[in-house]
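Student: Here's the letter readout for the chains.
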Amino acid sequence: MADNEVLHADHRLEYPYSRSTGPVIGAFLTGLLDGRLLGVEGSNGSVIVPPTEYDPITSEDTGEMVEVGPGGVVETWAFVAHPRPKHPLDRPFAWALIKLDGATTSLLHVVEVDSADGITTGDRVTVRFRLPGERIGAMSDIECFVPESGGEGR
Amino acid sequence: MTETAHEPVTTLATPIRLDFDFTPGVAQSRFLKGLAKATFMGQRCSVCGKVYVPSRGSCPTDGVPTTDDVELPNTGVVTTYCVVNVPFAGQSIEIPYICAQILLDGANISFMGLLQEIPTDQIRMGMRVEAVWVDEAELTPSLSSVRYFRPTGEPDAEYDTYKEYL
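If you read the sequences in order, they're chains A and U.
Just so it is clear: in the first sequence, position 131 is 131 by this note's numbering, and no numbers are missing.
Each number in this note's numbering comes from the position in the second sequence (counting from 1) with 154 added on.
Source of the hints: derived by calculation from the structure; they are not laboratory data.
C-beta atoms are modelled at their ideal positions from N, C-alpha and C, and glycine is treated no differently.
No false leads were slipped in.
Pair ranges (Cβ atoms, derived):
(1) Val218/U <-> Val6/A: 15 to 23 Å
(2) His11/A <-> Thr164/U: 29 to 37 Å
(3) Trp95/A <-> Glu225/U: 54 to 62 Å
(4) Asp216/U <-> Arg19/A: 46 to 54 Å
(5) Ala167/U <-> Trp95/A: 20 to 28 Å
(6) Val146/A <-> Ala190/U: 46 to 54 Å
(7) Met266/U <-> Val6/A: 21 to 29 Å
(8) Gly22/A <-> Ala190/U: 50 to 58 Å
(9) Trp95/A <-> Leu172/U: 15 to 23 Å
Chain A extracted, bound-state conformation (with noise of 0.2 Å):
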């Protein structure tokens, strides 16, 4: 330890919330550990995903939870060539909007692709769910999404 050396440290600030996920939440949180998508019933034949407990144009109760995907259509996307940590994946991928089959709303999340040729509005893309012994009730069950073509064929 030289007289000069500047001194570093990690440094973790840290607030552990745990949140009450209510009863449609929980119905969908519940489903991924089953490596399920579930949406649920809005107003006017709409299915939310994921789901709400209101409808969020009608403000109506919500109804029935209803299985949708496991494939869908990317709707916008934006590429990410040098993810950060705490990205979802440890490679380059594409944020995605993703309208799963079945559903009305689109649902935000990662689509595997290496490159931004590898992806475009109006692909076809299904859900990669972790291992089942992997899952832990929440959105980081689903890995990712991949092409439906498996990403080749464009």
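Following the hints, position chain U against chain A.
Tutor: Positioned in the frame of chain A, the structure of chain U alone reads:
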């Protein structure tokens, strides 16, 4: 609607976390490295002569860099104190305990320290105290090198000698 093999999810852990690479800078690094050698290192202002510990590298009154290093002794005076009786999350010391402002002999600013080896109803302003360091093998460049302060048993300091520092 559907059967599930799992208990329904009712809570979700959502920690908010910030990871810092903290650096105390040149001046406070000198103080912290002193702690690793079981010494209190301060700095004297070349204009007003006041001794700051830990030094921030400049004099807040005169606005000049402090370059004159001063090794301070292990002893000082309790200028004021607080007896902590209230438990709180993350508390590492058994309550009740005494949190004291300690003015080291030769210093012109006090800092906060833990006071032990005295019942909480016997602490008083002006009490003479000394630092108790951790074992040599456990010394690190951090305030955890100071285990706590304890009374020396010397007569109390006169109020006039520390009233400026309250």
